[in-house]
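All the letters of the sequence shown, read from the start, carry residue numbers 1 to 307 under the UniProt record's numbering.
Worth flagging that the hints you see were computed from the coordinates, not collected in a lab. It is possible that some hints are incorrect.
Said to hold, decoys possible - DSS-like mimics (lysine-lysine), calculated; alpha carbons at most 30 Å apart, straight line:
| no. | residue 1 | residue 2 |
| --- | --- | --- |
| 1 | K90 | K105 |
| 2 | K275 | K170 |
| 3 | K275 | K157 |
| 4 | K243 | K157 |
| 5 | K90 | K10 |
| 6 | K229 | K170 |
| 7 | K155 | K105 |
| 8 | K99 | K152 |
| 9 | K90 | K152 |
| 10 | K99 | K275 |
| 11 | K233 | K155 |
| 12 | K90 | K66 |
| 13 | K231 | K243 |
| 14 | K170 | K233 |
| 15 | K231 | K105 |
| 16 | K10 | K155 |
| 17 | K243 | K233 |
| 18 | K170 | K157 |
| 19 | K152 | K275 |
| 20 | K157 | K90 |
| 21 | K229 | K243 |
| 22 | K170 | K155 |
| 23 | K155 | K66 |
| 24 | K231 | K10 |
| 25 | K99 | K170 |
| 26 | K66 | K157 |
| 27 | K152 | K10 |
| 28 | K155 | K243 |
| 29 | K229 | K66 |
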Amino acid sequence: MATRTLENRKDRILTMIITPFMSCSARLPVYVLLISAIFPRHQGIVLFFIYFTGIVLAIVTALIMKRIAFAKKTVPFVMELPPYRIPTLKNTAMHMWHKGQQYLKKMGNVILVASILIWALGYFPRNVDFSVDYEGERNLVQHNSSFNDTEKVAKIKQINLAQEAERQEKSYIGRMGHAMEPIISPLGYDWRMGVSLLTGLAAKEIVISTMAVLYQADSDVEHHPETLKNKIKEQQHNTGTLKGQAVFTPLVSIGFMLFILIYFPCVAVIAAIRKEANWGWAIFTMVYTTALAWVVAFLVYQVGSMF
């Protein structure tokens, strides 16, 4: 929406396309989790590399688009700067309210619909045929006199996490994750990572909570981050040619973070592009960023595996 200050329409569209490469705060929890778990000795370097890669991709994309889609000469941009004054608290509050209200009106409906859709795909169907009698296991733990109350609570919690993970796997979004395996397996990902990417379409903040559920870590990741870190380190592939190997290797982790950085911007960004440009550019942004993310992650994993 800030691109409205640019007079030339082509510059506005180009700016909207490359802006998502600048990593937002919503992606940061994913970086922090994987970097602290897989790269404890080089955290600053890896985080800088991720952000720097986004800047490079934005510049390269801008140069390519300038040559292909926006090759025609444009009128030089000239802006008359008004005299700057310190704003009053009243004016600042009014502008904040107006812009916030405008954003919620334009993007709120899209975000709400996308969030409900992602939730529904992960919540249904409800009549799941579980492979284990979880209720029976809970009763056994509850009536086992060899466990004290603290141990019973901990074990029942693990049973609940295992049940929720299996329910997610057999939900519609879990089935979609398994269907994605032929596409994401060349990147070294398992189906759970695919599901996390799908939920991240609505908002990147959801990626972490999805991983916590699917990897049977504590769902309260904010207060128990170490649990998910340990689960990530322990994960192994249970199918395919990579069976028995660790899922989150350094190469896979770098590729996954780059995928999160590059792929499909959140629905609010797509809605903004549609409003400010049109559906054509919104769809192009979705396809281009996702395809580029796959190519970059593929190169990182496949080329890196050669050494």
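Going through the hints against the structure:
no.: 1; hint: K90 / K105; in the structure: holds (22 Å)
no.: 2; hint: K275 / K170; in the structure: violated (36 Å)
no.: 3; hint: K275 / K157; in the structure: violated (45 Å)
no.: 4; hint: K243 / K157; in the structure: holds (28 Å)
no.: 5; hint: K90 / K10; in the structure: violated (35 Å)
no.: 6; hint: K229 / K170; in the structure: holds (24 Å)
no.: 7; hint: K155 / K105; in the structure: violated (45 Å)
no.: 8; hint: K99 / K152; in the structure: violated (51 Å)
no.: 9; hint: K90 / K152; in the structure: violated (56 Å)
no.: 10; hint: K99 / K275; in the structure: holds (15 Å)
no.: 11; hint: K233 / K155; in the structure: holds (21 Å)
no.: 12; hint: K90 / K66; in the structure: violated (42 Å)
no.: 13; hint: K231 / K243; in the structure: holds (17 Å)
no.: 14; hint: K170 / K233; in the structure: holds (24 Å)
no.: 15; hint: K231 / K105; in the structure: violated (40 Å)
no.: 16; hint: K10 / K155; in the structure: violated (59 Å)
no.: 17; hint: K243 / K233; in the structure: holds (15 Å)
no.: 18; hint: K170 / K157; in the structure: holds (20 Å)
no.: 19; hint: K152 / K275; in the structure: violated (54 Å)
no.: 20; hint: K157 / K90; in the structure: violated (50 Å)
no.: 21; hint: K229 / K243; in the structure: holds (21 Å)
no.: 22; hint: K170 / K155; in the structure: holds (23 Å)
no.: 23; hint: K155 / K66; in the structure: violated (59 Å)
no.: 24; hint: K231 / K10; in the structure: violated (47 Å)
no.: 25; hint: K99 / K170; in the structure: violated (42 Å)
no.: 26; hint: K66 / K157; in the structure: violated (55 Å)
no.: 27; hint: K152 / K10; in the structure: violated (63 Å)
no.: 28; hint: K155 / K243; in the structure: holds (28 Å)
no.: 29; hint: K229 / K66; in the structure: violated (42 Å)
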